[in-house]
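Chemist: In terms of the numbering used here, the sequence shown opens at residue 1 and continues consecutively.
Don't take every hint at face value.
What the hints assert, rightly or not - With beta-carbon atoms standing in for the labels, derived distance ranges: (1) D46 x K115: 32 to 38 angstroms; (2) Q63 x D10: 24 to 30 angstroms; (3) T110 x E21: 29 to 35 angstroms; (4) F106 x C40: 28 to 34 angstroms; (5) E91 x E11: 23 to 29 angstroms; (6) S24 x M1: 22 to 28 angstroms; (7) S41 x D92: 20 to 26 angstroms; (8) D43 x L105: 35 to 41 angstroms; (9) H99 x E13: 15 to 21 angstroms.
To be verified - Calculated lysine to aspartate or glutamate pairs in the EDC-like style (CA-CA distance at most 16 angstroms, straight line): (10) K31 x D10; (11) K60 x E107; (12) K74 x E100; (13) K16 x E39; (14) K59 x D104.
Calculated directly from the structure, the hints in this document are not laboratory data. Backbone N, C-alpha and C define an ideal beta-carbon position, used for all residues, glycine too.
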Amino acid sequence: MDVYMLVVADEIEEVKAEVIEAVSQALDDEKLRGELINECSSDAPDEWRIGIQVSLNKKKFLQEPLNFLNSVAKQHKIDFVVGFIENGEAEDICYFGHHEGKPDLFEVGTYLGLK
1 MDVYMLVVAD EIEEVKAEVI EAVSQALDDE KLRGELINEC SSDAPDEWRI
51 GIQVSLNKKK FLQEPLNFLN SVAKQHKIDF VVGFIENGEA EDICYFGHHE
101 GKPDLFEVGT YLGLK
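Put together the whole structure using the sequences plus the hints.
Modeler: Here is the structure:
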């Protein structure tokens with residue numbers, strides 16, 4: 001299953017560079033597995049997509065990206081949305097971070113339908 005975790009922030013312009021750098025560095029250092037999502041070509045920041053995409057088949061593989069991105073969220077006072085892509089369609093399922101709180105691995109995995 002392809003899962004994405006994207007920044008949700010009114011001040012996305014202010015945190016863009018720092019979040020992209022943190023995720024890129026974690027991927028380079030192999031602290032995080034997945035692909036960087038850096039879609040900021042639109043003139044409208046509310047259409048930007050910044051985060052990661054990972055392919056998962058078990059709940060336990062959510063722990064690494066959830067924990068890492070939660071620390072990024074706390075540091076920059078932002079939230080992330082978790083969702084999945086199926087048949088080319090994206091569906092948001094839950095939020096975590098500065099305002100929404102720490103993500104629950106079991107709950108997120110259940111929402112995604114992972115075992």
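Chemist: Does the Cβ pair Q63, D10 satisfy 24 to 30 angstroms?
Modeler: holds, 28 angstroms
Chemist: Given the hinted pair K16 and E39, is their Cα-Cα distance within 16 angstroms?
Modeler: With Cα atoms ~11 angstroms apart, K16 and E39 stay inside 16 angstroms; holds.
Chemist: Next pair to validate is K74 with E100; report whether the Cα-Cα distance is within 16 angstroms.
Modeler: Within the cut-off at roughly 10 angstroms; holds.
Chemist: Mind checking the hinted window 28 to 34 angstroms against the Cβ distance between F106 and C40?
Modeler: Hint holds: Cβ distance 33 angstroms, inside 28 to 34 angstroms.
Chemist: Is the gap between the beta carbons of D43 and L105 within 35 to 41 angstroms?
Modeler: The hinted range 35 to 41 angstroms holds for D43 and L105, with Cβ atoms some 37 angstroms apart.
Chemist: Is it true that the CA of K59 sits at most 16 angstroms from the CA of D104?
Modeler: holds, 11 angstroms
Chemist: With a cut-off of 16 angstroms on the C-alpha distance, tell me whether K60 and E107 pass.
Modeler: The hint holds at about 12 angstroms.
Chemist: Within 22 to 28 angstroms: is that where the Cβ-Cβ distance between S24 and M1 falls?
Modeler: holds, 24 angstroms
Chemist: When you take the CB atoms of S41 and D92, is the distance between them in 20 to 26 angstroms?
Modeler: Distance hint for S41, D92 holds at roughly 21 angstroms.
Chemist: Is the gap between the beta carbons of D46 and K115 within 32 to 38 angstroms?
Modeler: holds, 35 angstroms
Chemist: Take the C-beta atom of E91 and the C-beta atom of E11, compute their distance, and say whether it sits inside 23 to 29 angstroms.
Modeler: For E91 and E11 the Cβ distance comes to about 25 angstroms; the hint holds.
Chemist: Are T110 and E21 spaced within 29 to 35 angstroms by their CB atoms?
Modeler: Taking Cβ atoms as reference, T110 and E21 lie about 32 angstroms apart, which means the hint holds.
In summary, the structure is inconsistent with hint 10 from the numbered list given earlier, while agreeing with all the others.
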